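S.K.: Generate coordinates for the entire structure from the input sequences, incorporating the hints supplied.
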Amino acid sequence: MTETLTSGEARLQAMAVPEGEIAAATHTLVIGPYLSRTAAASPHGPAPVSRSTQARLEEAVGLAAAIELDVVEAIPLSLARIRPSTYLGKGRVEEIAGLIKASEIGLVVMDCALSPVQQRNLEKEFGAKVIDRTGLILEIFGRRASTREGTLQVEHAHLAYQKSRLVRSWTHLERQRGGFGFLGGPGETQIEADRRMIQERMTRIERDLDAVTRTRGLHRQSRARVPYPIVALVGYTNAGKSTLFNALTKAQVVAQDMLFATLDPTARATKLPHGETVILSDTVGFISDLPTALIAAFRATLEDVIEADILLHVRDVAHVDSEAQAEDVGTVLGELGIEMSADRIIEVWNKADLLDEGERTRLANLSAHDRNDRDGAAPVLVSSLTGEGLSALTARIEARIARARSTFAVILGPEEGAALHWLYENAEVLDRRMEEGGTLHLAIRIAPEKEPRFLNRFGGARRLSRAG
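Each residue of the sequence shown is one higher than the one before, starting from 1353 at the first, in this note's numbering.
No wet-lab data here; the hints were simulated from the structure.
Mixed in with the good hints, there may be bad ones.
[Claimed, not checked] Derived lysine-lysine pairs resembling DSBU-like cross-links, with alpha carbons at most 30 Å apart:
1. K1623 x K1802
2. K1602 x K1623
3. K1453 x K1442
4. K1476 x K1453
5. K1442 x K1515
6. K1515 x K1476
7. K1442 x K1476
Bear in mind the structure is a predicted one, so any value in this text is a computation, not a measurement.
M.R.: And the structure:
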């Protein structure tokens, strides 16, 4: 049934439709057009990448599978150079067009960033819908966002991306299929009017996101009044962050063996074995070549990471490209202005249960080296699925928190019950000894932000150790 669209707002709303509009049987071809090592090393080409071609292609297939596309075939292509008009050479384009026709392919996923011209020309040559890596990731994020904040962030990133491609795919008269319309058909375009509508909608979203940011700021201020250390989990997508989060907090966050299984951030207060309360924050996973628009859009989501006292960098050590994934995480954090300093980060080597015996022993020995490492910089080998190594991880978190706090000796008379109550509410009581007559000798550890109030109240306290 054809709907009469009476306003620009209705046309914008037509982009976001209920999930499930894309049939799981959509025949999809995934193409990995990667520059050869020689071409990548050229001063005129992109920076060389350390990950393997096969792993990159498997990741692209995993991204397609995350929105239930039926990947018929995945083809890696080694390119000597990038063609401005179609990205691929003419012979390759013709060869792929033949395969698309023979296999009745309806969608081609290019694991690269295409210009609007390249995307349009490839669609003409292939006779099928074409999306690039950015479009695919945005499509996934459109499906995964479940909160109002996440939905706004994804929509803003999508509109910024779509604004440059109005000449190709902005649609009014045909119902879209998919989270944010990349997999819909063509339609009638009204480029200038649509560009203006997009900009107006983006401005409204930015105002809404500013309100979200202010709300998050108020939440952080309320936490500061009863400050708990913030421990944020960061890592490559599908590294097992949500499973680790569940194991540490006994929460029930969605955790699946799937790229971007969770998108919206989750925070829980949890007690460590020795009684220290921390705020544990699970965040969206990173990925190589994460679209710039999404990095900017999700800055508010990652504010817990920016403010965190400790970052748990969760790595899938069973993955063949674990080192390259770690580099990608460092790159994205750097773009967010987050320094990967050793005194703030604990590296968590996850998925130990998937390692063979030899590799498991080797990594366990490297992790155990921390027993003689006073800086606590060695990684912790864990399996968030089986619970292996979690006690060592929580001990490391406690030690890292303690290192940032000063300790004091305090003597209280038997009548100073209110002062004792204050200490238990605002500090960590490490030792308590009572003399005859009721005099208490306490050893306490206190957070830096509470130290001035403590010293003002307990002027006679003796410092035992200094933070740092």
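S.K.: Next, verify each hint and record whether it holds.
M.R.: Evaluated hints:
About 19 Å separates the Cα atoms of K1623 and K1802, which keeps this hinted pair within 30 Å; it holds. Simply put, K1602 and K1623 have alpha-carbon atoms about 11 Å apart, close enough for the 30 Å limit, and the pair holds. About 17 Å separates the Cα atoms of K1453 and K1442, which keeps this hinted pair within 30 Å; it holds. The straight-line distance between the Cα atoms of K1476 and K1453 is roughly 13 Å, inside the 30 Å bound, and the hint therefore holds.
Only pairs whose Cα atoms come within 30 Å are accepted, and K1442 paired with K1515 is accepted, the gap being roughly 28 Å. Between the alpha carbons of K1515 and K1476 the distance comes to roughly 21 Å, so the proposed pair stays at or under 30 Å and holds. Taking the CA atoms of K1442 and K1476, the gap is near 13 Å; set against the 30 Å cutoff, the hint holds.
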